[in-house]
Amino acid sequence: MNLISKLLPPSNIVLDLEVSSKKRMFEQAGLIFENNQGLARSLVFDSLFARERLGSTGLGQGVAIPHGRIKGLREAVAAFVRLATPVPFDSPDGKPVNLLFVLLVPEQATEQHLQILSELAQMFSDPDLREQFIQAQDAGALHQLISNWQPDVTDQHRAAV
Amino acid sequence: MKIIILGAGQVGTSVAESLVSEANDITVVDVDGPRLRLLQDRLDLRTVLGSAAHPPVLNSAGIEDADMLIAVTQSDEINLVACKVAAHQYNVPTRIARIRAPQYLANPQLFAPDCFAVDYAICPEQLITEYLVKLVKFPGALQVLEFADGRVSLVAVRAFEGGPLVGHQLQDIRKHIPNVDVRVAAIFRGDRPIVPEGTTVVEVGDEVFCLAASQNIRKVMQELRRMDKPAHRIMIAGGGNIGLRFARALERDYTVKILEHNKRRCEELSTQLSTALVLQGDVTDESLLEAENVDEMDLFVAVTNDDENNIMSCLLAKRMGARRVVALINRRSYVDLLQSGQIDIAISPAQATIGSLLAHVRRGDITEVHSLRRGAAEALEAVVHGDAASCRVVGRQLDQIELPKGTTIAALVRGEEVLMAHHDLVIQSGDHAIVFVTNKKMVPKVEKLFQVSAGFL
Chain A
5 MNLISKLLPP SNIVLDLEVS SKKRMFEQAG LIFENNQGLA RSLVFDSLFA RERLGSTGLG
65 QGVAIPHGRI KGLREAVAAF VRLATPVPFD SPDGKPVNLL FVLLVPEQAT EQHLQILSEL
125 AQMFSDPDLR EQFIQAQDAG ALHQLISNWQ PDVTDQHRAA V
Chain G
469 MKIIILGAGQ VGTSVAESLV SEANDITVVD VDGPRLRLLQ DRLDLRTVLG SAAHPPVLNS
529 AGIEDADMLI AVTQSDEINL VACKVAAHQY NVPTRIARIR APQYLANPQL FAPDCFAVDY
589 AICPEQLITE YLVKLVKFPG ALQVLEFADG RVSLVAVRAF EGGPLVGHQL QDIRKHIPNV
649 DVRVAAIFRG DRPIVPEGTT VVEVGDEVFC LAASQNIRKV MQELRRMDKP AHRIMIAGGG
709 NIGLRFARAL ERDYTVKILE HNKRRCEELS TQLSTALVLQ GDVTDESLLE AENVDEMDLF
769 VAVTNDDENN IMSCLLAKRM GARRVVALIN RRSYVDLLQS GQIDIAISPA QATIGSLLAH
829 VRRGDITEVH SLRRGAAEAL EAVVHGDAAS CRVVGRQLDQ IELPKGTTIA ALVRGEEVLM
889 AHHDLVIQSG DHAIVFVTNK KMVPKVEKLF QVSAGFL
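In order, the protein sequence lines correspond to chains A and G. 5 is the number of the first residue of the first sequence in this note's numbering; add one for each residue after it. 469 is the number of the first residue of the second sequence in this note's numbering; add one for each residue after it.
It should be emphasised that the hints constitute simulated quantities derived from the structure, not laboratory data. Do not take every clue at face value.
Said to hold, decoys possible - Restraint-style ranges between C-beta atoms, simulated for each label pair:
1) Pro912/G <-> Glu79/A: 32 to 42 angstroms
2) Glu885/G <-> Ile138/A: 43 to 53 angstroms
3) Gln557/G <-> Thr89/A: 50 to 60 angstroms
Unchecked claim - To spell it out: a stretch of chain G is covered by chain A in this simulated footprint if at least three of its residues, at any positions, have a beta carbon under 8 angstroms from a beta carbon of chain A; those stretches are:
4) 525-539
5) 625-631
As the list claims (entries may be wrong) - Taking lysine-lysine pairs in the DSSO-like style, the calculated list, with each CA pair at most 30 angstroms apart, reads:
6) Lys873/G <-> Lys643/G
7) Lys725/G <-> Lys697/G
8) Lys602/G <-> Lys786/G
9) Lys75/A <-> Lys786/G
10) Lys786/G <-> Lys908/G
11) Lys731/G <-> Lys697/G
12) Lys909/G <-> Lys873/G
13) Lys725/G <-> Lys913/G
14) Lys99/A <-> Lys643/G
15) Lys909/G <-> Lys697/G
16) Lys786/G <-> Lys99/A
17) Lys99/A <-> Lys916/G
18) Lys605/G <-> Lys643/G
19) Lys687/G <-> Lys697/G
20) Lys643/G <-> Lys687/G
21) Lys725/G <-> Lys643/G
22) Lys725/G <-> Lys99/A
23) Lys786/G <-> Lys731/G
24) Lys909/G <-> Lys99/A
25) Lys602/G <-> Lys643/G
26) Lys605/G <-> Lys75/A
Here a beta-carbon is modelled for each residue, glycine too, at the ideal position from N, C-alpha and C.
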């Protein structure tokens with residue numbers, strides 16, 4: 005078991021979502037967390053945008069890991085969104101993004117949360133796995149892929165950057 | 469980033485110009501079709517014809533996908549309503565409006581999220597007044613700009629014959645003023661930027677940009693030119709918004725005369741001003757200028773709403789003996805033509821405004837942007853975040869940082885402390901870096917440099 009699958013409820017996996025921009029994507033992320041976790045969507049939206057202003061969370065290769073701190077949140081929670089059409093994301097390689105892992109953490113973020121981001125970067129750096137994410141038929145299959153993935157402990161710190 | 473600009477006037481056009489090259493998706497909205505067509509011919513952007521605050525117009529401008537709205541139409545009311553609509557109807561994350569009327573600005577609660585939802589209100593008249601007041605306080609400066617809440621100042625001066633540094637190398641500046649740490653951030657010779665090094669020799673006519681802690685800036689100016697006598701007598705041509713603000717800011721400490729041709733406006737001015745002398749008459753009337761002793765003026769500032777009048781009255785005042793003349797000039801071609809000729813300083817309202825707009829548009833945590841040299845160069849203040857792993861400048865010595873060409877980090881502000889750039893200074897998270905970019909094309913690279921990587925929480 006890895007850290008990632010524990011904080012991703014299967015209901016927070018949305019496949020082939022139609023959005024036309026980063027902004028619309030964040031609105032949809034707000035809706036997911038509002039409907040499933042009862043977080044105010046504006047809070048989620050503002051937090052994700054505020055982080056994005058400091059630098060893009062795009063990893064390259066069509067992947068982004070938008071994240072933000074949420075006041076009053078007790079435990080980290082995540083959503084996985086696969087877009088029908090990629091949207092521009094200011095990624096380092098300039099490519100638009102279609103796989104997004106959205107992570108919300110409590111205001112007092114800990115070492116463990118950094119670890120999660122580092123695991124995410126490592127997971128998405130695998131080209132085969134990315135392809136499987138794109139091919140996955142439904143949310144269940146996708147969640148299974150993430151649960152089965154094993155982090156390489158020695159490689160972890162390097163992958164974060 | 470997707471940005472919608474409302475209003476294709478001076479400021480709207482300048483902002484569009486400065487952003488269009490930087491991988492942004494720009495849409496400009498205006499009611500003036502021919503003007504939009506001109507803009508579209510020249511720049512790679514989209515235009516939409518229509519009234520800027522109307523939801524259908526905003527819709528066709530793509531507001532549902534917009535990251536930012538910049539409302540700079542002629543009308544304060546349209547700008548306010550557009551921000552409100554953008555916030556409540558379309559959830560646009562950042563909304564900036566130009567607001568002119570002091571009656572609105574005096575009530576900041578109007579801009580609150582539950583009211584008109586303006587994140588940043590920008591007032592050109594206020595910015596220009598501040599600029600002018602600086603010129604009064606620092607005679608001899610072409611421009612004085614502040615960073616880090618006023619802790620650091622950047623001052624532009626023209627080096628001239630007989631100045632102590634002319635003909636010497638920059639490294640000598642330290643010998644002249646041993647107790648003051650100063651950095652020459654850039655030198656412009658003619659239109660060409662020169663990257664300053666210790667061995668660079670300052671020539672007559674050079675425009676020198678110096679950065680120092682604000683309390684040291686006077687000493688630095690003395691070094692660069694003969695210190696001009698402090699200003700006492702100031703004449704303002706034009707009693708509009710700017711003229712009035714400027715007169716108000718000065719009348720307590722200086723002898724101020726203000727010329728205005730409209731009689732009713734004169735009456736209003738005299739009720740709003742206490743010690744400044746209000747004179748009715750034409751600003752280009754030679755006999756009036758003579759009668760009011762224009763030859764004794766330390767500073768003559770022309771701020772009517774007419775470029776030609778400002779230019780003519782400044783030329784006249786200069787010929788009649790005013791020590792320094794400053795003209796407000798809207799048309800950009802005039803500004804280039806006149807600066808550093810007979811007119812000592814030509815101020816473009818659009819240029820004075822655009823910096824404070826850009827500060828909100830720049831990627832990364834940028835708190836201050838000043839557009840310099842008619843937009844060719846930029847000085848900015850970036851807040852450093854992250855650690856050595858997530859940010860490319862943290863934990864590095866200045867000489868280890870690969871800066872884009874023509875870029876210098878001139879100083880760091882750490883808490884209350886101002887640290888001038890030395891090669892072995894190490895950048896920490898939380899520092900404010902003052903960066904000077906002599907080629908605007910490099911700004912996106914500078915933004916990238918200070919941005920945190922995806923792994924930063």
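Hints, one by one, checked against the model:
1. Our hint of 32 to 42 angstroms for Pro912/G and Glu79/A holds, since their Cβ atoms are close to 38 angstroms apart.
2. The given range of 43 to 53 angstroms is respected by Glu885/G and Ile138/A, whose C-beta atoms sit roughly 51 angstroms from each other.
3. Separation of Gln557/G from Thr89/A is about 24 angstroms and departs from the stated range, judged on CB atoms against 50 to 60 angstroms.
4. Coverage of the segment 525-539 of chain G by chain A holds in this model, with 4 residues showing a Cβ closer than 8 angstroms to a Cβ of that chain against a need of three.
5. Coverage of the segment 625-631 of chain G by chain A is violated. Counting CB-CB distances below 8 angstroms, 0 residues qualify, and the rule asks for three or more.
6. Between Lys873/G and Lys643/G the alpha-carbon distance is near 29 angstroms, which keeps this suggested pair within the 30 angstroms criterion.
7. Annotation: proposed proximity of Lys725/G to Lys697/G holds, straight-line Cα distance about 19 angstroms (limit 30 angstroms).
8. A C-alpha spacing of about 20 angstroms is found between Lys602/G and Lys786/G, which places the hinted pair at or below 30 angstroms, so the restraint holds.
9. With a CA separation close to 61 angstroms, the supplied pair Lys75/A and Lys786/G exceeds the 30 angstroms bound.
10. Between Lys786/G and Lys908/G the alpha-carbon distance is near 34 angstroms, which puts this suggested pair outside the 30 angstroms criterion.
11. Straight-line distance between C-alpha atoms of Lys731/G and Lys697/G comes to about 34 angstroms, which puts the hinted pair past the 30 angstroms bound.
12. A hinted pair counts as satisfied when its Cα atoms are at most 30 angstroms apart, and Lys909/G with Lys873/G qualifies at roughly 10 angstroms.
13. With a C-alpha separation of about 47 angstroms, the suggested pairing of Lys725/G with Lys913/G is violated against the 30 angstroms cut-off.
14. The straight-line distance between the Cα atoms of Lys99/A and Lys643/G is roughly 52 angstroms, outside the 30 angstroms bound, and the hint therefore fails.
15. Using a Cα cut-off of 30 angstroms, the hinted pair Lys909/G and Lys697/G is violated, with the two alpha carbons roughly 39 angstroms apart.
16. A hinted pair counts as satisfied when its Cα atoms are at most 30 angstroms apart, and Lys786/G with Lys99/A does not qualify at roughly 57 angstroms.
17. Note on Lys99/A and Lys916/G: the hinted pairing holds, with a Cα-Cα distance of about 16 angstroms set against a maximum of 30 angstroms.
18. Between the alpha carbons of Lys605/G and Lys643/G the distance comes to roughly 26 angstroms, so the proposed pair stays at or under 30 angstroms and holds.
19. Between Lys687/G and Lys697/G the CA atoms are separated by roughly 14 angstroms; this keeps the pair inside 30 angstroms, and the hint holds.
20. Distance hint between Lys643/G and Lys687/G is fulfilled; the C-alpha atoms sit about 13 angstroms from each other, no more than 30 angstroms.
21. A distance of roughly 42 angstroms separates the Cα atoms of Lys725/G and Lys643/G; the hinted pair therefore is violated under the 30 angstroms criterion.
22. Between Lys725/G and Lys99/A, the direct Cα distance comes to roughly 60 angstroms. Violation of the 30 angstroms bound is thereby established for this hinted pair.
23. Simply put, Lys786/G and Lys731/G have alpha-carbon atoms about 26 angstroms apart, close enough for the 30 angstroms limit, and the pair holds.
24. Only pairs whose Cα atoms come within 30 angstroms are accepted, and Lys909/G paired with Lys99/A is accepted, the gap being roughly 21 angstroms.
25. A hinted pair counts as satisfied when its Cα atoms are at most 30 angstroms apart, and Lys602/G with Lys643/G qualifies at roughly 28 angstroms.
26. Only pairs whose Cα atoms come within 30 angstroms are accepted, and Lys605/G paired with Lys75/A is rejected, the gap being roughly 46 angstroms.
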